[in-house]
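Given chain A, work out where chain B should sit, using these hints.
Read off the chains here:
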Amino acid sequence: MSLFSKFDEIRAGIESLVKNGRNPFDVRFERVLSPTEALLGGRLILLLGTNNYLGLTLDAACVEASMRALHEAGTGTTGSRIANGTYADHALLERRIGEFYGRRSAIIFTTGYQANLGLISTLAGRDDYLLIDADSHASIYDASKLSTAEVMRFRHNDPDDLAHRLRRLQGRPGNRIIVTEGIYSMLGDTAPLREIAAVKREMGAWLIVDEAHSLGILGSKGRGLCEAAGVEHEVDFVVGTFSKSLGAIGGFATSDLPEFDILRVVCRPYMFTASLPPAVIASVIAALGRLSTDKSLATRVLSNCRRLYSGLAQAGFDLGPEPNPIVAIKMPDRETATQFWSRLLDEGIYVNLALPPATPASLSLIRSSISSAHTEVQIDRAVSIMTAVGHELGVLGARPSKTAMALR
Amino acid sequence: MTYNVDNIESDIIELLARRVPAGVQVSAQTRIAQGLGLDSVAILDFIMDLEDRFDISIPLDRVAEVETVADLGRAVETLMGATG
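So the protein sequences, as listed, match chains A and B.
Using my numbering, the first residue of the first sequence is number 1, and each one after it goes up by one.
Using my numbering, the first residue of the second sequence is number 1, and each one after it goes up by one.
Pulled out of the complex, with its shape left as it was, chain B reads as follows:
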């Protein structure tokens, strides 16, 4: 499958929705570290899900720079480009 910024984002939303409590809505504007009920370890576990979905490595310092789902989408796109 060819990824672009839109389907990267929809995959991220799908993976994130699996980890948040039922009923919590996730969108591109969702701030990952706030209001989702995910602690810091749960967020890092979610990042591992993304690494496996997109077959990339996401260094922990990149995670610290990310605030919203959309930010994460851009970071994933960049990293996918970097690894071919």
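Chain A with its partners taken away, still in its complex shape:
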């Protein structure tokens, strides 16, 4: 038996998707021109699936800060946070994150994935119970595998189900740790955080909220769903990423608990990896400043979300439940989804193709993510093309398949 034969089924699945055209897992942009446009195969492509929510990847202040740090401090730290990899700016960014969230302490990680992996797997130890939302991100699932706690899933966004599962544990010793997300990455729906916080309070559990997709978007200060829902004081740990709204890479966890910083010497995904390069740290500090001072970034992204969502809803698409920066169209099956994705690229639009098991409830999705940098013209063009392709492929009911062609 070959070493790789265990992947035969996955390989066959990809081959069957690719036989009709492009490989959705192997898109290579020749050049990214702006937060909303790139060149692919020599053609100009509208980017509608890059999680660049505030459009800060090419922001002048962020780029300049990054360049300065690159020149002054070099390309990398060549060491972990607990060895030589903590520079003054790493500590400064941690203070800034703490201030931004109004919390006592923050710890930064090299990726958002590692922030979840590290925080969750370290906090949830033997004899503890980890209760994760069924639609949790892969990093939360992987953290669960790394943890020595007993891990249970609760039904997605269902506080009653969570309470029920916590009640089943009554009488057993050990901490209960609940993990939810602010905005879920596949369907763009928000958690019922007030109700979840009430369950947490009633059952005496701890609560971790991952605000990866809600940082800079929800809440008047941009702190995410915890702020928008008015439950920050109930949330023990907020996790987030620098790779979406803040346009770089990295992750963080922040808390008001006085013992929080002990994680620095017990959390292996923090301790045993190189720290973020100075240029990344500098751009994130600058981006955090931009986000805090320029409220139009959040206003624009939210108005773009509503524009795309309502346009697609009016066209008759079956969408996720809320107009957030992730707008997902539910496709009838994976073949149609793949064809839809490929046709959009023909028409000059890049979105994400999201297939099971990376999606909840075995859904095949066309996933868009919206930026404050998108113009209304770009959003309207995307709605028109998606609608035309929807008719062409029978997702929206029959119409002449020439419609999409006419829009070019």
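All the pointers check out, no bait thrown in.
A short list of chain A residues far from chain B (calculated; beta carbon distances all over 12 Å): (1) R11; (2) E15; (3) R31; (4) L46; (5) H71; (6) L92; (7) P173; (8) E259; (9) T293; (10) S296; (11) A313; (12) E335.
In silico negatives: residues of chain B with every beta carbon more than 10 Å from chain A: (13) D6; (14) I13; (15) E14; (16) A22; (17) E65; (18) V69; (19) D71; (20) E77; (21) G81.
Covered, in the sense of this in silico footprint (three residues per stretch, anywhere, with C-beta under 8 Å from a C-beta of chain A), are these stretches of chain B: (22) 35-48; (23) 57-63.
Just so you know, the hints here were simulated from the structure itself, not pulled from any lab data.
Since we're looking at a predicted model, the values are computed, not measured.
Here a beta-carbon is modelled for each residue, glycine too, at the ideal position from N, C-alpha and C.
Coordinates of chain B only, in the frame set by chain A:
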């Protein structure tokens, strides 16, 4: 209702049959992760159905040890005993 290994297994088969495509047969020897057309998330959703049917908690690491419906039946029986 009092559960024993036989009716635990028949309940598992009933719940699993609801999640697999029509026409796919399920028995005690069925391997859950193979040939049923269930992806990893669908299997975990099925485990939640079992937790609710038997009113137990099935930790995810226990799921990883299970191959067949019969294995799952034994795991459920053990967990029911453990929780009274």
